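Bring the two chains, given one by one in their own frames, into a single complex with the hints.
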Amino acid sequence: MSMPLLTSVVLVYLFIIGFLTLKAYRNTSSAADYMVAGRKIHPFVMAMSYGATFISTSAIIGFGGAAAVFGMSLLWLTFLTIFIGIFIAFVFFGRRTRIMGLNINAHTFPEFLGLRFNSRGLQGLIGGLIFLAMPLYASVVLMGGAKFVAQILSTDYNAALFFLTIIIAIYVIMGGLKGVMYTDAFQGSIMFCGMVVLLVITYQKLGGVIPAHEQLSAMKEIAIQIFGAKGHTGWTTFPAFGSPYWLVVVTTIILGVGIGVLAQPQLIVRFMTVKSNRELNRAVLIGSIFVLVAVGVAFIIGALSNVFFYSYDPETSGKIALVAAQKNVAQIIPLYISHAMPQWFTAIFMVTLLSAAMSTLSSQFHAMGTSLGRDIYEKALGRQGNSVLITKIGILFAILVSYFLAWGLPAFFEGGTAIIARGTAIFFGICAAAFLPMYFGAIYLPRMSKAGAYASFITGTSVSMFWIFFIHEKESKPLLLCKSLFGVDSLAAGTLWTLVDPLVIALPISIAATLWFGRRGSQLPREHIERCFHNIR
Amino acid sequence: MLGLEGVAVPLGMVLTVLSTVLCIIYGLLNWNRGYITEEELEQEQLWKEEESKVKENL
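Those protein sequence lines, which keep their order, are chains A and B.
Under our numbering, the residue at position 519 of the first sequence is numbered 519, and the numbers go up by one with no gaps.
Under our numbering, the residue at position 1 of the second sequence is numbered 1, and the numbers go up by one with no gaps.
Chain B with its partners taken away, still in its complex shape (with noise of 0.2 angstroms):
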């Protein structure tokens, strides 16, 4: 298969491509999947303080 002998090489090679292929497919149907929710923008706020006070007292 595409001028490769054996078996081992040429499954190498076409795993290769699926894998690329499942991230794209992946990728594409959760691309607008898992946007940053109310409660983890306070979280990171909440960080953002604390860092600041630490900040401040040194």
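For reference, chain A alone in the conformation it holds in the complex (with noise of 0.2 angstroms):
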């Protein structure tokens, strides 16, 4: 690659970053602006950084990467994403918690959640939780973006570490969330543009949309050949029902990521920081463009790389995506950009890539930081001072963790790196069952009880934890606590159960577990409900 090009491109970039940056600390003064940028941000922004956050380097990266394994099937993630992560989201979801958030002064999504149910226990529970849970998600999203910068600067991974860290702790810590919404527009725009090239090129390249399906349809033996004990069927089919791979990507890709995206409290504040409907019902048709870009394309791309190396690449003739990258998942998406694409792309598609780890580490490092200082040290523990003070040292805080625990778990833990490398699987499965049924109680159920968000918070953790501990095989074996207690990596070992997903057991327990105890229990006072639920409709 031209390190000329590159280093211009990374500079532009970063002057760009540092400008917004200062726009935004020049714009910060009050608690509302540092939390929830002041409540009048622009419907673009909102929808970009809604997007860009969800979308990180591992999800272009490994999701690529696993449909280069499983295939098209996993455009139903796409779909998933567009229609729940957006529409439902914004129209069913976004409204009413942009209305009470208002109603009720919330700042952060366990405010919203304390402030609702009238619990400072509760806000601090769920700031914990986050707290404690989203760590593992940002160090997998910050060693993902260091190894990729170590690898494209030819340099070592701990240096690329250090200064990716600092660069985002800057504008993070100095901007607010107003700094983080404006760089994730500007990184999101640079997404959406790079991946759209990326699949202008690689359509041209294998002869069209048509001709590039058909050619992976017709490597459906190949496909079998290799994978077909596990269910595959081909990368154009959907793998067979009740097969291992069928419950990897239904359970886990599908509906762990599809469903879990409604509960991202680093996502659902965002409802919280526009001015009106009008920017939330203007953020939809925004919003689901650029998701269908950005989550649509890694998809389409990662399966199709099988064509390429398989009949296009003289280097890697009659090899699939995954033994052209000699079996590393994470390499078939650089592996395929750096054969397939021209010099110049390369470029610019490592700053794709920078900006999809940055803008959700800015945010995940945001929502870690207010949970710890306004959630946590501020109202559940009642201490008063300066809120963006406090919130800075608690963003400060969670940065030292996050980057701590991306440099060292894998140094000195064994599994240290197959731990981190689910983090984004767990903390998803965790949100979804914790946070969902109490959120939907808090928007839809005015009669719902304190007990019922207790019941949901309580039920949805402790289900999740045993089934990632004791049960998925994925997580309980680097884990190692089953090995260590019972002797065997899962109690379910020999069967199909260490394979499902912690979120389609934990989900439906803690539902139910919420409407039983949503019932009993005191009920809040009238004037608080009509108080939160005022204007909504």
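Heads up, a few of these hints could be off.
[Unchecked claim] Simulated restraints, written as ranges between beta carbons of each label pair: (1) B/Tyr35 - A/Glu315: 49 to 59 angstroms; (2) B/Val7 - A/Val196: 25 to 35 angstroms; (3) B/Leu41 - A/Leu14: 45 to 55 angstroms; (4) B/Leu41 - A/Phe404: 42 to 52 angstroms; (5) B/Leu29 - A/Glu315: 44 to 54 angstroms; (6) A/Gln326 - B/Arg33: 50 to 60 angstroms.
[Stated by the list, open to error] In silico negatives: residues of chain A with every beta carbon more than 12 angstroms from chain B: (7) Thr7; (8) Ala150; (9) Gly408.
[What the hints assert, rightly or not] Covered stretches of chain B (chain A as the covering partner; in silico rule of three or more C-beta atoms under 8 angstroms from a C-beta of chain A): (10) 5-13; (11) 18-26; (12) 29-41.
Simulated from the structure, these hints should not be mistaken for lab results.
Since the model is a prediction, treat every value here as computed from it, not as a measurement.
Every residue, glycine too, gets a C-beta built ideally from N, C-alpha and C.
Next up, the structure:
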């Protein structure tokens, strides 16, 4: 790759990030500015920030690589991300969240639920769970970003990790949520353009849309020969019903992420950053197009890379993507970019991936920092002080925790890399099971009691944890707790239960517990409920 | 369909496109609906004043 070109692109990119940070810093004076961007964010910025936060480098590289293995069945996740993650989220959750957030003056997701259920303890618990579980998710994104930078710039991983963390820390701490969202919108725009170019060049290289798909369909026998025992039926068909591959694709990838997106604290807070429902309506249109491209392209390219490696690349001729990348799923997309794309695009794609990592990380750091500063220290513990300063200290602490996790865990703990790699799935699963029933009840069930909210939190968290530590082998194996207590990697070893994602088990149980306890326990005062639901129709 | 085999994957692709179209139509139809009300503006102002008071007290 041309180093002068790459250096110029990165310098321009960093200059624009610096300019946007300064703009956000100058426009931030109050706690509302710092935590909910002053509730006056433009719909384009909101939609792009929502999408860019959701889609990280690991989503492009990881999901793209997964599509190279599982095929285009992953397009169902694109459908769910647009239909549930954008349409349902904005229209049925976002509008109510915005109005209720304003009615009760909520600044964070835990504060929103804490105020709605009139419980500082609940706010502290939710903040605590976010602060404990999110660093794992943040460190996987941080590691992915740093590894990529180190690889492209041929530099040391630790140096890349350090400088990437420093750059993000500066703009998150200085600019607060405004800084995060302005830069997200810029980074999201880069991601959008990068992915469109990637799609166009790929189809052009493979002879057009339908011929490319037909060539992939024609490779069916190879897929069955290699992965057939696990249920693979070809890259343009769905895995066999009930097979190991079907369980992974449906429960972990499609449902785990597709439903998990509804209960992400760092995404939900964005509904409270816009001035009115009009902005949300506009953001539905913008967000859907962004997600279609950013998520959909990764899946299509990932699957089609098999055709390229097998038939078009002389260096890898006769090899499917996984074999060409030496069985390293995370290497498939970078390898495809370096072999199939022109030189100039490699620099653009580098910035695309950097944008994806930075936009997700900045929002994670902000969400963790506000959880620690605002929700735990200020509200649950009842300490008083300058809100903005406390939150800044919380963010700094969150950044340090994530940094040391990404740096130290793989070095000191044998299963460290494996468990960090599962961070995204773990966080999405816990959030969905612990928060979604309570969040739905908060905005749709005025008569739901505080006990119902606690039931959602306790049941969702504990069932998820049990499944993660003792059943779902992808996590229970590297975590080693099940092995040390019972001498096996999973209590369900040898059965298909080890492949079922925690969300599929924990969420229904959490919903049932929320409904059961939500009808019991003392009702919240009528005036409080009227205040929360004021103007919500 | 579109060079893809079976039913599930083409259906996934069609649903992806349809859900995007749904979002675009929804966005266009409601482009100017739901602008901030006077009451919401007042509420926002009230919270701002309250935050200023808390700051002063600190």
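Hint-by-hint comparison with the structure:
{"no.": "1", "hint": "B/Tyr35 - A/Glu315: 49 to 59 angstroms", "in the structure": "holds, 57 angstroms"}
{"no.": "2", "hint": "B/Val7 - A/Val196: 25 to 35 angstroms", "in the structure": "holds, 29 angstroms"}
{"no.": "3", "hint": "B/Leu41 - A/Leu14: 45 to 55 angstroms", "in the structure": "violated, 38 angstroms"}
{"no.": "4", "hint": "B/Leu41 - A/Phe404: 42 to 52 angstroms", "in the structure": "holds, 45 angstroms"}
{"no.": "5", "hint": "B/Leu29 - A/Glu315: 44 to 54 angstroms", "in the structure": "holds, 51 angstroms"}
{"no.": "6", "hint": "A/Gln326 - B/Arg33: 50 to 60 angstroms", "in the structure": "holds, 54 angstroms"}
{"no.": "7", "hint": "Thr7", "in the structure": "holds, 37 angstroms"}
{"no.": "8", "hint": "Ala150", "in the structure": "holds, 34 angstroms"}
{"no.": "9", "hint": "Gly408", "in the structure": "holds, 37 angstroms"}
{"no.": "10", "hint": "5-13", "in the structure": "holds (count 6)"}
{"no.": "11", "hint": "18-26", "in the structure": "holds (count 6)"}
{"no.": "12", "hint": "29-41", "in the structure": "holds (count 10)"}
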